[in-house]
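Enquirer: As a plain string of letters, each chain reads:
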Amino acid sequence: MKRYSAFAVAREALRYHTGWERAWRNPAPKRQYDVIIVGAGGHGLATAYYLGKNFGITNVAVLEKGWLGGGNTGRNTTIIRSNYLQDPSAAIYEKARSLYEDMSQDLNYNVMFSPRGVIMLAQTEHEVRGYKRTAHANALQGVSTEWIEPARVKELVPIINLAGPRYPVLGGLWQERGGTARHDAVAWGYARACSAMGMDIIQQCEVTGVRSEGGRVIGVDTTKGAIDCDKLGMVVAGNCSHLSQMAGFRLPVESVALQALVSEPIKPCMDVVVMANTVHGYMSQSDKGEMVIGGGTDGFNNYTQRGSFHHIEETVRALIETFPMVSRLKMLRQWGGIVDVTGDRSPIISKTPVQNCFVNAGWGTGGFKAIPGSGWAMAELMATGHSPLAEEFSMMRFKEGKFIDESVAAGVAH
Amino acid sequence: MSTRLATQGRLIDRSKPIEFTFNGTRMTGYAGDTLASALLANDQLLVGRSFKYHRPRGLVASGAEEPNALVGLGTGDRFEPNQRATTTELFSGLSAQSQNHWPSLEFDVGVVNNKLARFLPAGFYYKMFIHPKPFWKHVYEPIIRKSAGLGQAPDRELKDADTYEHFYYFCDVLVIGGGVAGLQAALVAAKSGAKVLVLEQNAHWGGRAPVDGGTIDGDYPEAWVEQTLAELSAMENVTLRNRCMGAGVYDHGYALGYERLTDHAPGQGGPRHRMWRIRAKQIVTATGAIERPLSFAGNDVPGVMLAAAMRDYVVNWGATPGKRVLVATNNDDAYRTALTLHAAGIEVVRVLDTRETGGGALMEEVRALGIRVECGRGIAKVKDGKCVTRVAICAQNGQGGAQEEVEADAVAMSGGWSPVVHLWSHCGGKLTWDDAQAHFRPDPARPPLGADGAGFVVAAGSANGPLGLGAVLSDAAEAGAKAAAAAGFKAEAKPAAGVAQDEAPMQPVWLMPARAEIDLRMKAWLDFQNDVKVSDVQLAAREGFESVEHTKRYTTLGMATDQGKLSNINGLAVLADSLGSEIPQVGTTTFRPPYHPISMGAIGGEARGEIFQPLRKTPMHDWHDANGADWEPVGHWRRPYAFVRAGESVKEAVSREILNTRQNVGLLDASTLGKLIVKGPDAGRFLDMMYTNMMSTLKVGKCRYGLMCSENGFLSDDGVVARIDEETWLCHTTTGGADRIHAHMEEWLQTEWWDWKVYVANVTEQLAQVAVVGPKARMLLEKLNAEAGGGMDVSKEALPFMEWKDGEIGGFKCRAYRISFSGELSYEIAVPASQGQAFWDALMAAGAEFGVMPYGTECLHVMRAEKGFIMIGDETDGTVIPQDLGLNWAISKKKEDFIGKRAQQRSHMVDPDRWQLVGLETLDGAVLPDGAYAVGSGVNANGQKNTIGRVTSTYHSPTLGKGIAMGLVKHGPKRMGEVIEFPGTDGTVYKAKIVDPVFYDKEGEKQNV
Amino acid sequence: MLILECPYCGVKAEETELHAGGEAHLKRFGPGSSDDEFHDYLFMRENPKGVHFERWRHVTGCGKWFHAARCTMTLEVFGTYTAQTSAPPQEIRDAITAKRPGWSWREFE
Amino acid sequence: MSDPLSALPGARYAGLATIEESGLQGMITLRGDLSSKTLQKAVKAATGADVPSQRQIAVATGGAAAWMSPDELLLLVPYDEVEQTTSTLAEALSGEHALAVNVSDARALFSLSGAGAREVLGKICPVDFDPAAFAPGDFRRTRMAQVAAAFWLDEAETFHIVCFRSVSQYVFNLLKTSAHPQSRVGVYG
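Protein chains in written order, with the numbering used here: chain A, 1 to 414; chain B, 1 to 1009; chain C, 1 to 109; chain D, 1 to 189.
Bound-form chain A, shown alone (with noise of 0.2 Å):
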């Protein structure tokens, strides 16, 4: 792999940019493989990334049934943030942060980390308590988050309405070392790593079938044909209840969209990223000057992946709200995404009913800024057998009643 760097850059200038290789191979599947997994999105590419940098394991497939990124890597709002309550949920978003924080040395490809800052506002007093109390949670848990007073609020985003008059901000949580990233870049950086560690990204292959023996995986049929492995991941979202039956297992989620919209670019006005769960809406401004807002789901099964207008509709009211200069910007597009939920709205990282075969579902709203640590953790599992990380995602959970609810103190899953 050629390294990417100001120099590169330069030299091929000189020569029109003829010389740059391509950024991940296009092989074609090969028989067997230590280890596939199913699913090249963010956290299907993370998985194969860290099962090779952690354990050396790179006889590794990556079978996409699209192109790799396409699903809902490519097509959040790009939030990074890990101020969340639960135990569970803090240190794998914590992982996945500090992950971000270095990724593009650890790639060697800029994904655009930029921690600028999250904050969530609060607008009632129930919030208030709810921020706090997940301030003193962060606190224990390693995740720097803080209380901050709403005159601070306004120094961060100076185009908020602190005065409502509707929901006057009263404070808010705020995470500075939250920010963004370049989505697609994420996907790209992880896929280009993986092949120069030889693993095989395979586009435009679609698992048909799931095999196993004696209740043990023993490979896929695929569009491109039958593959065999030793270990099997899905890391399938949107598709993962479709993928688990075929397993022979079945998965406690349901599959809803997400609604999202930019707007036209516009010069900087809004450095940090902002949630108001009050008023459903949350917004940040990209690199590019778009402001990257974020709306509700659906409350039905739905995989179209279509915007529908009553959402964006009643989260652009909200924002209006909050930040008034925004009634004066346009919606550029709309678009929709595919999201698995479960029960408690927290993931599953899990062992299955079958052997050796590994599921990683149910990000729900929030799991693009769980890409890294999502797949350390499900690397580690898959690799190991067992995950502290992991541990308290697993699948089991529901039976037992030990649910990792982020719904509770006023937060949300986004």
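The set of hints was computed from the structure by calculation and includes no laboratory data.
The reader is advised that the hints may include incorrect statements.
Computed list of lysine-lysine pairs in DSS-like fashion (alpha-carbon distance at most 25 Å, straight line) [said to hold, decoys possible]:
1) B:Lys159 with A:Lys402
2) A:Lys65 with B:Lys945
3) B:Lys893 with A:Lys402
4) B:Lys159 with D:Lys176
5) A:Lys267 with B:Lys159
6) B:Lys993 with A:Lys95
7) B:Lys993 with B:Lys974
Following the hints, complete the assembly by docking chains B, C and D onto the known chain A.
Expert: Relative to the frame of chain A, chains B, C and D by itself:
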């Protein structure tokens, strides 16, 4: 230079000059001008700077597809960035500023990026700025952010001066596009009797046809348009809306119309935009086609314009970008531009036709005028600069070796036409590749599917592929008939007869010249706004970004505010070529709504200011507001947090209210608490399922505190239940619970136990409810009764604790409950809402001698905490079961089942290690911080400190003069007296003793007097 | 924007008048059920790509719950019917079969 | 008892249409089997009106009955008789499973009249107000912007709008905004 012509300009009224300013310079246009045509007429060819390289940019197009001419429009609370000059109608006093430059449009420092362009190819930022790590956030990114973005942000302290609204509309056939195709389709559909709505995004009807010429039914297209409009207007079943864009097509035939009501006359009053939320049985997309640019070096220099756009400017507005124009084309249509220019007295210096054999009849017409036409030729390069000066000509089939240079001040280019398929595609309509026209057009076999599984969109006219006038009209007539038929009407597809010159086949040209060298490809623009060039797409393909989505994202092709209207097909073609693949195999990116950016204000609609959200008010709301209420939002209600007096802080007010209520008497407006009547022969059995307690055994006249859980076992609501008669119960819920619990009950009744005879009615708002609380509460009520000459006996004997009674107090018909959330003697009295304020007034007046004061929610919270009563939302958070809160006494052991019972038997729910409710008291009387966690020893497997409990509510108790708290602690009830540690976020470690959660009047004597 | 006809009041209601209530025809398991039964009742959902049966409430209309048979891939609606039933009625099943021959959903087909 | 107050006494606005708070109105929620003869008789006795058919209101001189759902009616009676009528109803229905509740004070009632009435409502309700689709005697429960509401149209082309008392100010402001004199849509003649 660009200028106004003495002739032409069918849309402008030269008798009505209009003054406006551009970058502070006063200019004059005419009524009917767009800002774009007026700028052109004022020799303002340079209109902006590009996104990445800050290259000078001029007008390329004449409509919504324009990528360059974006301006900041208006000032102050009506300023808006990124307004398209081509879709902005000129009005008197218009003030526009160009964007994305510093210090000025003419001299922009950012153009340094242009000099470095070679070092800044597609995706350069992924490969650079990696080291040193902190530099990304602190150095590189701020520079990139500043240089990116387009328009200025609106003023952060100003609120939009305009208003917006929505409008729901239902029709049989929605026709999007008011060109000849749209009008033809509408006419056919309307004649069938269908209810038809026609939307046209521009101010004028007829689309391109009046500019393009030909005849319809033997007359000028303009005449046919006028006549058809008159015919449609006269039909009762037709609604025509201009300045109203079809913005999006959504599932089940839902469409958005974006009507711009006052953009052409700001401040005239009324809403600025109206969002039409349309439910149509069928939608006809007659959205026309967009001309494609040609990809040659320097195709972005101001003065290079789409050929049809140049024709538009001349014919519609009498404006031209130059006096010496070179035309480059791969099809016949551009000859119309040559003819138009010639007729307007503009010199056509050359027509370059890429086709070796040239065009058809139109070409001959041009030649006959003495204009030089060269076939098999193209542009090698337009000389860089702020305007066109020289154009190098070469063989189309070569590498760009220039054979000749000609002087010209403008270039008209045409690369063929692409149907506007956006609206067809929004909701899943599929496309097919048309080899002859080299474009994607709607595949009629794969339309978007509606609720019934059948297609609900029909494309019409050039939006469907046909480009000739005759073919457009007959296609549109068929589309109108098809849509009407699908909507249930009988229509006849009788088209008007359109006649235009026959055209020779076009030749796909994706690069000019075909084998252009790299230095030319690096100057051949695909996406003008985002600065994506042919070489960028080729680089992406080389690096393995083979999917069209990858290439789009890697190069940002088509991601600018024009959403790739001009660039997408050209980019796809270059990508396909680079991959050695065919265009249809490469496919398109997804088309997302809206077709063209729409204002956030319009999306939000009327919901701003006082009607942003409903504000629910109790009958006493206005009294509270006038008497110092410090409001707290609770759902859509607002409840007084405290009643603050002059010179008093909120905290002081709370203390005063607590002490007064404990010593004298206080009034709480409890009207927001939910009140549900549950009645029927099975009501008792039903409530036994709803509540953890046994409610069927409650005696008539009695009250019982009840708990409700979710099926998951978690505590979800609480409240007092009163049995009214044999078959009737009244259930109180929390403020937030009224609608939620009502819905919860209906859900179970309708979907699980539909054979049970139970009716539920929500009477929350029928009643105003006042809690009269404190040792002097009874005296107050008795005084009221005395004044009224009698009333309900409120003595302990007549109305004991946990009973209720109907009667009159102070002459008010009421129902009184002896229940208490404060531990004091307390009556909750419900009167009809229409009497609420009067009753409140009477209580205040009669209570004066007893020191009565109103109190708010915080006082309520503190008093209940002093008593160790739990609060839904404080002690519970959706993860807490009643057993955690020591509420086992409220969970019936006799019942076989209730909602949540099975869940509470799961292993984690019966785990003895669950945290349980205790009281907490700091050693020094200080107040524990809200939400603090108690730490145990060591860390968990993830390195997090182990916790053993948390604070759920914490207050300063003025009654006890110290901090009190409740919390959930592991093995808590067994650890009474132990001291545990709560680290604060400020570094302080708070020590607290585990105590009984009942801090005040442990025996409950006060409430039972 | 989904548009569903409420079988109780006949209104073709747009989604904003409705409240989605998840999968239809769940069999409730209470005390006495096994851990697996209770788990599946609360958490296991069909989540199919294709034919699905679900619950909706006409929340700002007549307030009634009803059932809808719908395709999750195309959003095609095969029909709506009363909530007071534990299985899709035959005419709804026939309507689906006409559009999606060979469909199945849980024990129904 | 002092004089009862309606939700928004005297509120009035004239724009594209005229909005007026209608004052106190007796209203009874009646739940029961609408096909029951006893119930039908009781409704007739209480209001003078028959049980209406689906999404209709039956208006008589002394009162009216509106169809709320397959097992619910909204009865309109004079305000000062509502308590008496509710008890009479309850008594008449004591033999069957039914529920009659006085909800007069839980609601606010507005009238909306004038040429622009249809389009004023068309801005805030997802309902087809074409005269062919919504005619006098039609009764509809729906969403009015962000709250639930119900309305019917009388023979004089006046809409009568029922909403919850707590949101009466919101609904009035909403109608007022929609009736802005310069916001005419002009699609309903």
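Enquirer: So, for every hint listed, does it hold in this structure?
Expert: Hints versus structure:
| no. | hint | result |
| --- | --- | --- |
| 1 | B:Lys159 with A:Lys402 | 47 Å, violated |
| 2 | A:Lys65 with B:Lys945 | 42 Å, violated |
| 3 | B:Lys893 with A:Lys402 | 24 Å, holds |
| 4 | B:Lys159 with D:Lys176 | 21 Å, holds |
| 5 | A:Lys267 with B:Lys159 | 19 Å, holds |
| 6 | B:Lys993 with A:Lys95 | 35 Å, violated |
| 7 | B:Lys993 with B:Lys974 | 13 Å, holds |
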